[in-house]
Amino acid sequence: MKFIIQVNKGPYQHQTADSAYQFISAALAKGHEVLRVFFYHDGVNNGTRLTAPPQDDRNVVHRWSALAAEHDLDLVICVAAAQRRGILDEREMNRLDKDAHNLAPGFRISGLGQLIEGVVLSDRLVVFGD
Amino acid sequence: MKFIIQVNKGPYQHQTADSAYQFISAALAKGHEVLRVFFYHDGVNNGTRLTAPPQDDRNVVHRWSALAAEHDLDLVICVAAAQRRGILDEREMNRLDKDAHNLAPGFRISGLGQLIEGVVLSDRLVVFGD
Amino acid sequence: MIKKCLYVNRRAPYGTSYALEAIDVVLIGSAFDQDISLLFIDDGVFQLKSDQDTTGIEMKNFSSAYSAFEMYDVEKLYVSKEAMTARGLKKRDLVVDVEVLSDNAIKDLMDEHDVIFSF
Amino acid sequence: MIKKCLYVNRRAPYGTSYALEAIDVVLIGSAFDQDISLLFIDDGVFQLKSDQDTTGIEMKNFSSAYSAFEMYDVEKLYVSKEAMTARGLKKRDLVVDVEVLSDNAIKDLMDEHDVIFSF
Amino acid sequence: MSILHTVNKSPFEKNNLESCLRYVKSGSAVLLIEDGIYAALKNTCFEKEMATAMKEVNFYCLAPDMKARGFSESKIMDGIKMVDYAGFVDLTIEYDKVQAWL
Amino acid sequence: MSILHTVNKSPFEKNNLESCLRYVKSGSAVLLIEDGIYAALKNTCFEKEMATAMKEVNFYCLAPDMKARGFSESKIMDGIKMVDYAGFVDLTIEYDKVQAWL
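Chains as they are written, first to last, in my numbering: chain A, 1 to 130; chain B, 1001 to 1130; chain C, 2001 to 2119; chain D, 3001 to 3119; chain E, 4001 to 4102; chain F, 5001 to 5102.
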């Protein structure tokens, strides 16, 4: 079974990112394919490598990066939503004339077409949000 | 009259930051003092200078920075909330061993004591959030 | 491959950006030649209210987008009759022509689509 | 200057982080020698449910903080009787000793405080 | 001490208004802002509950939020006063403290 | 085509469950996750509404979310099945599509 997952909220404030992560881990453990995870709305805030949560708490961003590395997961940050909220890779930094970038390893920035294409190519869309 | 304002949500996803901004502008225009604006929870995301919203929309972060410059406003980002969400100044970057910082001009990062102290020294606490 | 996509809009405009960011998805979706329907239930019906004027809150007024959908061949807009009634809205209060469905008919609408987007 | 501060908790734990981040404010507030009361209404009463076990969701279990409040001289914890009843909760279901108040008594509680924090 | 209660969520979506009305005291005030303004509309399923509450409590509604959402003063229940942001500021001073129902 | 509806908000706080139940078809399923699990509890003011809905619809509840919030299986209404995340995945496959009530 092929899944595409949409994540609509950033880390820590809502359980969204936690639920999505647990769902995806379970799907992968069962041998299903997760074609793409698409981060939209405040969900783009999952993609900043500048977070530093307390030691006794889970690290939501690191966990995404590790999952992507282990399973070759495609973590896509919506470019329009990311621009509004300040999530940039080096290319976006240069294009927008900013002086820093903050995208975490394993994520990439792309357009909404990646969501639609993913939905077309997948068997199931599962949305997590607030 | 002395106000302290608490802002609990980031820019764009909720009207929170817009309402707080309009309220503060109106209070200042009437000659009241705004002792401090305290950004808590996802509100810390108001303090990133990496945002680049569409040209035909308001720029929430620039607007805060401009208001701070014009009225010598004290914009305080809660350090604990900011660490969880990836908002850093240069000092935090060095302390946490990160490779970039993203705090916008006019904001400073400090502790929750700034909220409590502000409440003690003010006549009114007004909270904006979701 | 063409999928029947239903975009379910349940939130009021401006209080949150879901309505605004849903429009972007619909427009991109139309470029992919998918079979698109938009459904407005609960507070989503408020998105279509005419005469929106955001001058006083300095936010972007995006309500004209709904009338522009037709140019993108997004022509199937449905609203819940019961949601309208509970909110004191009539069809003439809306900024665009829509098909008003009963909640029972909406159950069937959800049923016959392949994918449901939630905003 | 000592102000009477009321912290109003209205949200369930874990679904959002308001409960967790409210605890930080309360603890800092106690260091400022303010007169602190905590009120749990609506879904806020769920914060105090005993036996929370977050192993399966891998989130931090912060429910022990409520029992630790006493060490910080935060001793006035109030819950709404009506909120408990609607949610099928009894006083013995809670992780800490609290004073159960009627909603009418809570009106007076809000009235007599100088500042209200909302979470 | 009197309280200005602010409600920023639609009563159709969340329980904020309902909770607020459960705890609001006679002589206090409720200010509807953001999506909270929908509670002020005529002919909704909340009109009766609002009319009852208005007997004891002063209701205000933020005009810029109302206009943004496409409603003019004629659509608002009688007895609810419209204010702008300056009026919002005045209300926070007129009442002794502010309670936000978020 | 059958639908798996997910509800992640407390019915005491938001209208998500209420909306979902208005549109759910006989033979479809509702999965309660995150703060949505509170709808599954015995002895709440929603128990009757849930019991009625359960006659036509299959109800599931995410056990890890239930335990995180301090409730064991004995506190859940009879007829609601507990699943873990693997069971959540299975449900999304068993039904033809997923509708999230956010």
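Treat each hint with caution, since some may be false.
[Claimed, not checked] Facing chain C, from chain E, some residues (calculated, C-beta under 10 Å):
1. K4009
2. S4010
3. N4015
4. G4036
5. L4041
6. V4057
7. N4058
8. A4068
9. G4070
10. K4075
11. Y4085
[As the list claims (entries may be wrong)] DSS-like cross-link-like pairs, simulated, lysine-lysine; straight-line CA separation at most 25 Å:
12. D/K3049 x B/K1002
13. C/K2081 x C/K2060
14. F/K5042 x F/K5067
15. C/K2049 x E/K4067
16. D/K3091 x F/K5025
17. D/K3049 x F/K5055
18. F/K5042 x D/K3090
19. C/K2076 x C/K2091
What the hints contain is simulated information worked out from the structure, not anything from laboratory work.
Note that the Cβ used here is the ideal one computed from N, Cα and C, for glycine as well.
Consistency of the hints with the structure:
| no. | hint | result |
| --- | --- | --- |
| 1 | K4009 | 7 Å, holds |
| 2 | S4010 | 5 Å, holds |
| 3 | N4015 | 14 Å, violated |
| 4 | G4036 | 8 Å, holds |
| 5 | L4041 | 6 Å, holds |
| 6 | V4057 | 22 Å, violated |
| 7 | N4058 | 22 Å, violated |
| 8 | A4068 | 4 Å, holds |
| 9 | G4070 | 4 Å, holds |
| 10 | K4075 | 8 Å, holds |
| 11 | Y4085 | 8 Å, holds |
| 12 | D/K3049 x B/K1002 | 39 Å, violated |
| 13 | C/K2081 x C/K2060 | 28 Å, violated |
| 14 | F/K5042 x F/K5067 | 15 Å, holds |
| 15 | C/K2049 x E/K4067 | 11 Å, holds |
| 16 | D/K3091 x F/K5025 | 38 Å, violated |
| 17 | D/K3049 x F/K5055 | 30 Å, violated |
| 18 | F/K5042 x D/K3090 | 12 Å, holds |
| 19 | C/K2076 x C/K2091 | 15 Å, holds |
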